[in-house]
Amino acid sequence: MTAPEGVTAEGPEGVTVDGLDGPAAGRAEGDFALVYAEAFSEPPYRETRDDVTAAFRRFRSQTRRRTFRAALARAADGTPVGMAYGYVLGPGTGWWDSLTEPVSDEMRREDGHRTLGLLELAVRPRWRGQGVARRLHETLLGAVDAERVLLDVHPASAAAQAAYRSWGYRKVGEAIPWDGAALHDVLVLDLSPGPARDSRSRT
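Take the sequence shown: its position 136, counting from 1, is numbered 710 in our numbering, and each next residue is one higher.
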């Protein structure tokens with residue numbers, strides 16, 4: 575079962591996952607940054623302290639979006655161990671413009687309700703392989719009413735690629751998501767339309 579926003583779900587070894595809105599995520603910025611810095615310091619990302627600082631300048635702006643949602647996993651002692659966040663894309667989004675090859679007008683159509691853009695999902699190394707990433711993903715998706723999820727993933731990140739494919743994502747193109755970035759795969763997960771999936775399970 576997924577945990578709706580503001581509800582805590584507990585899993586193995588006392589790891590809990592909380593669904594957060596933008597203001598709550600903003601108050602927990604330090605926890606998100608800790609996970610981000612450790613997870614993305616590894617190859618193929620190799621993000622530096624400056625990269626993390628830049629990412630969390632964006633994070634502060636992103637959390638002010640009305641459709642921003644996040645999930646934060648903590649160990650029994652409160653230590654942050656994983657995080658995920660994103661927001662529903664508006665009609666004027668530039669996400670599709672970063673693709674190296676254009677997609678159909680129907681594929682790129684956004685109306686402010688259709689697509690959750692999954693910006694980040696990460697688990698600290700010590701807590702990997704315990705289903706934390708899957709629970710973060712479920713919690714985040716359970717808090718929104720969208721038809722699909724869109725994300726960019728580094729092609730050399732084998733673990734992330736395997737997880738997303740096992741959850742049902744499919745590749746729809748390639749993109750350079752920001753200046754100087756490596757080529758990323760663009761993946762989409764199609765969801766069943768309907769009310770928010772607060773209690774829907776996923777593989």
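Bear in mind the hints are in silico, worked out from the structure with no lab data behind them.
Any given hint might turn out to be false.
Stated by the list, open to error - Restraint ranges, calculated between C-beta atoms of paired labels, are given here:
#1 Glu721 / Glu587: 30 to 38 Å
#2 Ser615 / Asp651: 34 to 42 Å
#3 Ser678 / Ile750: 38 to 46 Å
#4 Arg688 / Glu587: 34 to 42 Å
#5 Ser766 / Thr627: 20 to 28 Å
#6 Trp752 / Pro617: 26 to 34 Å
#7 Pro618 / Asp685: 16 to 24 Å
#8 Ala598 / Pro729: 29 to 37 Å
#9 Gly604 / Glu721: 32 to 40 Å
#10 Ser766 / Pro676: 25 to 33 Å
Beta carbons: idealized from backbone N, C-alpha and C, even for Gly.
Item to complete: Compare the structure with the hints numbered earlier in the document and write down the numbers of the violated ones, lowest to highest.
Response: 2, 3, 5, 6 and 7
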